[in-house]
Structures are given as C-alpha cells and as structure tokens.
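Construct the entire structure; sequences and hints are all you get.
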Amino acid sequence: MMKKMSISTSKTSLVLFLCQIISALDVPLDSKLLEELSQPPTITQQSPKDYIVDPRENIVIQCEAKGKPPPSFSWTRNGTHFDIDKDAQVTMKPNSGTLVINIMNGGKAEAYEGVYQCTARNERGAAISNNIIVRPSRSPLWTKEKLEPNHVREGDSLVLHCRPPVGLPPPIIFWMDNAFQRLPQSERVSQGLNGDLYFSNVQPEDTREDYICYARFNHTQTIQQKQPISVKVFSTKPVTERQPVLLTPTGSTSTKVELRGNVLLLECIAAGLPTPVIRWIKEGGELPANRTFFENFKKTLKIIDVSEADSGNYKCIARNALGSVHHVISVTVKAAPYWITAPRNLVLSPGEDGTLICRANGNPKPSISWLANGVPIAIAPEDPSRKVDGDTIIFSHVQERSSAVYQCNASNEYGYLLANAFVNVLAEPPRILTPANKLYQVIADSPALLDCAYFGSPKPEIEWFKGVKGSILRGNEYVFHDNGTLEIPVAQKNNAGTYTCVARNKLGKIQNEVQLEIKDPTMIIKQPEYKVIQRYGQVSFECIIKHDSTLLPTVTWLKDNDELPDDERFLVGKDNLTIMNVTDKDDGTYTCIVNTTLDSVSASAVLTVVAAPPTPAIIYARPNPPFDLELTGQLERSIDLSWLPGDENNSPITSFVIEFEDALHEPGVWRYQTEVPGSQTTAQLKLSPYVNYSFRVIAVNRIGRSQPSEPSEQYLTKSASPDENPANVQGIGSEPDNLVITWEPLKGFQSNGPGLQYKVSWRQKDVDDEWTSVIVANVSKYIVSGTPTFVPYEVKVQALNDLGYAPEPSEVIGHSGEDLPMVAPGNVQVHVINSTLAKVHWDPVPLKSVRGHLQGYKVYYWKVQSLSRRSRRHVEKKILTFRGNKTFGMLPGLEPYSSYKLNVRVVNGKGEGPASPDKVFKTPEGVPSSPSFLKITNPTLDSLTLEWGSPTHPNGVLTSYTLKFQPINNTHELGPLVEIRIPANESSLILKNLNYSTRYKFYFNAQTSVGSGSQITEEAVTIMDEAGILRPAVGAGKAMASRQVDIATQGWFIGLMCAVALLILILLIVCFIRRNKGGKYPVKEKEDAHADPEIQPMKEDDGTFGEYSDAEDHKPLKKGSRTPSDRTVKKEDSDDSLVDYGEGVNGQFNEDGSFIGQYSGKKEKEPAEGNESSEAPSPVNAMNSFV
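For the sequence shown, this note's numbering begins at 4 and goes up steadily by one.
No wet-lab data here; the hints were simulated from the structure. These figures come from a predicted structure and were not determined experimentally. One should not assume that every hint holds.
Stated by the list, open to error - Derived pair list, reagent style PhoX-like, types lysine-lysine, alpha-carbon separation capped at 20 Å:
id: 1; residue 1: 588; residue 2: 534
id: 2; residue 1: 880; residue 2: 285
id: 3; residue 1: 842; residue 2: 285
id: 4; residue 1: 285; residue 2: 305
Structure representation (structure tokens):
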C-alpha cells in the first residue's frame, strides 16, 4: 500500500525537511540513522554556570551527553579530578554524568561548595561542560540593633533604613505593619531599590509605631523581620514649603555600569513640599521606544534588554511649585561575550577540507582560546590536518583519526562562553530516508514538492528521473533543492506519474520511487446571491459545486462567520440552504464553504429582511435575467451577441453587463467583458485567439442586478501567435555575480495558443557581444550566473507559443548585482569656518570602485576631547549623509575649542565602503557661556561680597571676568555704571566704599580671547545700620529685600508731620472746650477714622515691609500699599515683595548675612482681591495640593 500525503493549495509553500547545512556534509535528524553512525560526544544538558542550591535538599549537578558509542563521564572539582568513588555521599546516575550529593542523610552543603566541570568521552573525542559554580543559598538573621523613635516635623523628609542581611541570592524587600498589611505607597511615600522607605514629606497620618521591613529569601522560602520602627510626626504652624532636594542619589552626577541584555534600573527620589514630580530624559537622544518603562510612581526608570546604544547621560528632574533639582546618571553599557558565529559540528568524509569558526563580541572585546578534547590545543596531540588561525581552525585532507571534539572559549572580565563542536570523519555509502512509493497529491496549477531526504559520506549527488526508464530531469520548469527535494512550481496534469530519485557517491548508489497525482480544483459554479425577503417568507441560497471525482467534498454553511442557529427553520440540502418563516434576526451574511482534503473554496451572499407592506403596493424588485442568447457574425477576433430582456419588475433596466467564461483556461470562472446601455439588446464583442468562449448577460436596474442569464453556446477562437510580450521586465542582480531577470507572465487568454513560453535574452551593454537567449516556461524569472559585478545589461523577454513569436520586445537596461565599494574617498580635507561650523572636502571615489549605484557619501565625526578641560568623554559618533556625487559638506553644531575626528565612506545599494583615514581637526575658541552662578553675601553698611562660579561651557581659555554695577535710587532710576576687570583665577570679590541702605544692580560675565560671553545679573542692598539688618523671607521660592528708605529726612514726611501736629493741637483745644461744657468727644474713634496709613509705624517684630515696585513699571506707590496691622500683605501693581518670593513675613539672613533665596523681578500683574496671607500655607492647604 502506498502512503498518502496531501498538500493544501491554500499554502504557497511547504515546510521542507531541511537539515542544518554544515560545510561539506549534512546529518539528517533521523533517529535510526543517528543510532548507526559513529559520533563524538555532545553535551545535551548541564546545570547553570552559577548554581545556587537549597542547603536542606540533595544537590543534583546535571550533565547529560549523547554519542556513538555512548560516552563515559568524569568530573573535576576546583580544577582537580573529583573521585566520586571515595565519597559515600556522592553518586552518579546510571548511563548519565549527573551527580547526586546526598545532603538529607547527614551531608553538609557547605562542604561541597566549589567549581565543577563534567567531561563526556568516547573513542571519537571528549566534550566538556561549563564551569558550574555550586553555592548553597543563605538566609541569615537580622543583626540585633536598638532602634530609636523617629521624631519628625510635619513637612520634613524622612528615610527609614531597612539594611537587610546579606543573603544568597539577595532577598526581596517589602514593608508591612503589625497586621501583616502592606504599607500604602504613593508619590509621597515609596520604597527605593535598596529597600529603604522614603518620605518626600511627612504628614500627621504617618505617625505609627509599626513600620516593619521584611526580607523574603525565595530560595529557602523564609522571611526575616526587622524590629518595628516608630515614627512620630509633630506639627508646627506654619508648615514650611520646600523646593525639591534629592534623597537618592546624592550629588549632581553619578555613574552606573550595566551589562548588555540586562535590565537597566535608574532611581531618583526627592524630598520637598509639595511632593515633587519626577521626569526622566536622555541627554542628546530619546528614551528607547517599546523598551522603556516607568515604575514606583516614575521614580524608577526601567529599560529592558539594554545594548551599547543605550549608553549615555540620563537626567532625572524633580519639580514642584517652588523649583526643581536634577541629577545626571552617566550609564555605560558593557557586554559579556556573546556569539556572532558559534562553532558548529562538522561532518567530513576522508580527504575533504573544512573549517570551524568561533566568533564572539563583547565589551571589552573577548579573547578566543581553543581546546581539543578538553585540553588546550597548544599541548594537545598534534594533527597534521589541523591549523589554528585565531578564531578559525582549518582542516585539510582529513582522515578518520582526525575526529575530535573542539572547544571554543570566549572570555572577558564580565564572563565567558564555552561551545563544543565536533569534527566527525565518516565514510558512508548513500542512504535515502524518504519512504519508498510515497504518494503526493496536489491541485493543478499549485506547487508540487517531492522529497528525497538522503545521507552519505562523501556527500551524494542527487538526480531525478520521471518514469522507470525516463531521462534525467533538467530545465527551468523544475527546482532542485539542496536537501534533495524536487519542486514543480506549477504542477499540471501532464506532470502526474512516477518519479525516481537516485543518490550516488564513490561508495555506492541507491534509488527511490515516489508517485505524484494531479487533481482538478474545487469550484463553486453557482454561488449564493443577494436576497431581499419579506418577513415570514421563505428564502433559498444555492451553492452548486464542481470537484475532482476522486475527492470527497464537504459543504458547510455559516451565518455571519459562525455556525447556523440550531433552528429547524434552517434546512440544508445538497446544493442549497433554505430558511422557512424568515424573521428579522435572520438578517446577515450567509457563506457556503466547500472543503476537500486538498483545497477549500467559499462564497457569500447577504440576506435582507423587510417588513411586509400593510396594504398592497407596487413591488419594485431586481429585473429577471435576460434569456434567448444568440451568437452571430462569428469572426476570428469578434462576434455579435443578442438577447431578450427579462421582466424589469417596475424598475427600468439601466444597463446590461456581459461576462465571459474561458472553458479552456479557467473553467467555471466568469469575467467581465463589457457593459451596454439598458436600451440595447445586441453587442459586438472583441475576442482573443485560443479561447473557448461562453457568454452570459446580467440586467441592472435601480434595485440591483438580476440573476445571470443561461450561458450562450461555446465558441472556440483559432490559435495565433501572441499579440503582446510580458510587462514590467527588469534586470536586477541579487548577488555580485548574477543578474535576475523578472517579468509579469501573460494571463491564460493572452497566450493566444498552446505551448506558451518565454524567450529571455541578455547581453552586456557597450560591449560588442551577441545576445544570449534561453527559452523557459511556467516561470516569471531567470537568473544569469557568473556575471561581472555591477555592469549594465540589455534585457528583453519575448512571448512565443506553438504558432510563433510575439512582436519583437523592447529592450530594458538592467545591472548585475552590486558589491560593497572597494576604496575609501581620498584627499579628505577639513576647513574650519568658525568655532561651531566646519566644511569637509573629499575626492570622489571612481565609479568603477563604487561597484554599484552611487547613493552618496557618509561623514562620521565625533568629539575626541575639549581643549579647555582636557577630559575625554564617551564617544558619540554623528553621521551626516550627502546624497549623490557630492564631494563636500558642512558639519554644523560643533563645540568650540574642541578636538574632533572624522572619516568619509562611499555608499551604494549594497552598503558602505571602507572608511577613509581618520582626519583630526580642532575648532577655535568661542565666547563662554554665562558664569554658573553669582551669589552676593555679607552685606554691611558700605560693602558687599560677591562669589561666582566659572562658566559651564568656557569654550576656550578664560582671560578675565568683567563686573559692572550701578545704584538704583528711590524713583527706580539707575545711577552711574562702574566697571571692574577681574583676573580669571578669582572666584570672589569684596566691594567696599558703597553707600549704605542702597540697592545695587550687578552685571557679570566672562571673557576669552574671542570676546565676552553672556552675562548674569543680580541685585542686593547694603544695610541701613548695624542694628537694622533686613531679614528676607525664608522659603523654597525666591526672596528679595524690600526697599528701605529713611523717611525722616524726606520733605513730604516733615510737612505731613507738621500738619498732623497742627491738627492734634486744634483737636485738643476743641476737646478742652467741650469738656468744660460737660460734653463728650470720641477722640479715639476720630483718630482711628482719620489715621493716615502712610504714618503707620513699622513693627520690627512683625517683619512687614512697604511694597517695592519693579524699576521697569515706573509707577508710584499707591496709598495703602504698606502692610496693614492684621499681618497681611495687599497685592497692588507690583508683585516684587518679600512676601511674594518667600513663605513667611519674618525675613531672615543666612549665617553669612546673605538673603535666603534669589531675587527676580516679576513682570506679570495679578489682580488682588482683598488681603492675602503672607504666612506659610496650613497643613490642610498642603494636603489639598495632593488631591
């Protein structure tokens, strides 16, 4: 009996039985074959390199291997032989190398710590395992410590340290209370990566005595508990708001090294009130999409599967309403060794050549070392057929004694890779593994693949024959795969029959026969059609099929792509589906699916259910199909068709659609021919040669299309040579030494006759060469091999059949395959235009050396170091691409006073050519950035101290600093400008001989030899007297000093005081007269009613000041702008007051006398309604900021 195997036409290709290609010979994964062949050992299973074991359970160190004959096993421990026979606690599993160390019967896991390595050996070689480091897990107890209660002021930050015991592997940390409930975490309270619990600011509800840190050791399933920590929060009024400060990490910068492929975790946790919000950016780039995640309320940045491209500076920014702080983490991604090309097993026959290649990459670059049968190759027995060349071992004229197992070790400081690969020298006659007389069944016009899996050493040659005495199969209608499979891309009926596969080498010959059957495709010749039916009526859908007589079809009906309802109203017949008593829920799409063992087809139609008319009315429906079709006037290229229209059903026919069927090429498939107006009942139709025509007509009205008419009689046109040639002819090489000619094949009815083929012609352009031609069939491409690299070819494809050729085709120009460019651009020159721009020139690469379509040039350039700081940084190469044959380009965005390198590469369609030698150039100095800060401290009666930081970007060698300052008088006018030049090595200056109680404005910048950089400005005030030091407001925001003026010396004040004194004298006289008369006068109320706010005394303990208007406003102070007695500040035209820049009205100085905060003039005007509190927000308001 022949085995049957079906191939579905719904798949364009099959999964081939392809083996791994290894140099000269393949070894199919056939279990019976593998049992018969000698084979060196191969490690199939081993324990992980870092093996952490449970000290309470037996230790099992795995080592499994296969080979023929079966291998024996031995072990080393800490580099020396491990004699398991001398240790009663250690046994080896039968027929295995796996060790079992008995711990549960008295053994101690600590005694078996060490580095283990397994060796599997047979007569053909020895394979070794990785170094397996065995360590027992540890879950130590917490050290005893006395924990003092934490007393914290409301709004302050707090860190509760966990400090878990060091375990193996490290424990998982979490915080709970006495009731074993997880402590809630939020943006304000969260756990860090180190296990500590961080409070950005504490609130009264944080008071509790049971903050407990737990450490879970998963390996031993144990949990250790730290002693409870007590936190008591005490409230102070007001609660001071604070700008962000980083709790972790500390400082402004830090570094982190991570390994390629690992998960990168970066953390920033900040203190502040309101609670800061964290944001992450990558300087000079974007965070990688699809690999970036934010955890722990965005305090943790997580990037999975990191690579070297993820190296760079990552900045976290913590921000609240009062300010921001940032930290830059410089990330360097290193890499343990990883394979580029791991060595693969090599099977050779005697006298053959081969290579073992071991290539790995890493950061730093790993070193490669070879071992033979577990011994360093330098001291291994010599083999004259073997030569070691770095990462490659070359074998020449091998013999059976050359069989061995080779180990490649790639290592760097972050790890190692160890791979075993055997060289197996075999002499075997051919064997065919495909079962004899296997039956293949395929649908016509689909691919057929006939297997001939084989093995032999030397590698056998495979030949295919059709029939018992047929000739060898050749030609473009067949595809011969390397694994022996024969492919017929478009199987036809004449391809059916017996095929013979023959395998031969110098040791013998063997053959096998398989059978191929070609089946007719399944077709739906009458499809279900759109139906409109009244409710409670009856409807029927047809599905008439045509199929191969040897295949058994099954018909399935679906409603809306699901099974039919389980309803007796649905009746499924042989060729139809009938629905009785139709209801509204029967609306939908009905699909007929026909399946055989080889193919599947389907067709659908929509059912629309409408309500029955309440009263008789005119029924509009699709027209009835035309009938009585007649063919007349038959010619070679035309024919006349006439018909009679059916009933139009109260809707005039608007057009007739004529379709045709080609029973010769596409039986059962109806295609559009033409469309004529509804008033026309005849049409002259154009015909093509070699087509067996049938026609049908469909009537169309406003409601829809009628059913097709019955087909006309058939009319077979005479054959002729093709009228046209294939379209879209192209010649494009896929490899450097070939030319792939492709075209769009003609349709069946375009063939004009039997025996459609294609004449493919080509010749090299601009060379006095004859056309080379080949005739092919049933394909749409032809590959010309052995061509020179990237040369132009003239290509043409001509159709032909049994009656002759199509007209002469037009020629198209193609090119053979491209290869990488051979040379780099020469004479690379760099012209530095200014400190941030350079122009690069190069000589073009000769077109012959480009070896492809010139796409342009790429300029790689990178900064080597800054000349001012002499500090190297991570090299980030930039690439500029210049399209076409351009020989120069501009390099923008350079940093001044820096050293750069660049090289240029030519680019074609294959890729980039070699780089030109690195060209070094330097950018000149530029102007510096502004000083990093300017701080004014220690105000006295006549002096101020200035401190500054050097520019972040000096862009050259600093030559000096320039300080300019001028006083600001009572009317906000600027006084004379004084300029001072300061040496570049200074960082502070004491200005003396200043006016007391005077505001000064300072302008400060740095200079290089190129010029002055941008300036930084600041304002400060000298004090009124030694006892009257102004104290600015303290807070997380900015602060400034209010204007202090000695009003006792002002003329208007003296005049006002005189007027007040006169008024009081008059009131006293009046009171004296009234009193003498016995009357009463409410002097107190009268004084209060007429009190002038301008003469309200300033309370030193109250800390309120008059309002200072920005000099840019030029507006006089309004009456009532001073601080009222209820300790509130009224906002008027100017917002520049200490109350606006601080948190409280009690201004303070630092220990050095400088203001806390920084003054900056506000330009916005905010409307004020009544008086606003100048005190710090209450705790309730602070909590509202979290809502």
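Restraint status (C-alpha distance of residue 588 to residue 534 at most 20 Å)
The given pair, whose Cα atoms are some 15 Å apart, holds under the 20 Å limit.
Given hint residue 305 paired with residue 285 - CA-CA distance at most 20 Å
Holds: residue 285 and residue 305 sit about 13 Å apart, inside 20 Å.
Taken at face value, is the distance from the CA of residue 285 to the CA of residue 880 at most 20 Å?
16 Å, holds
Between residue 842 and residue 285, does the CA-CA distance stay at or below 20 Å?
29 Å, violated
In summary, the structure is inconsistent with hint 3 from the numbered list given earlier, while agreeing with all the others.
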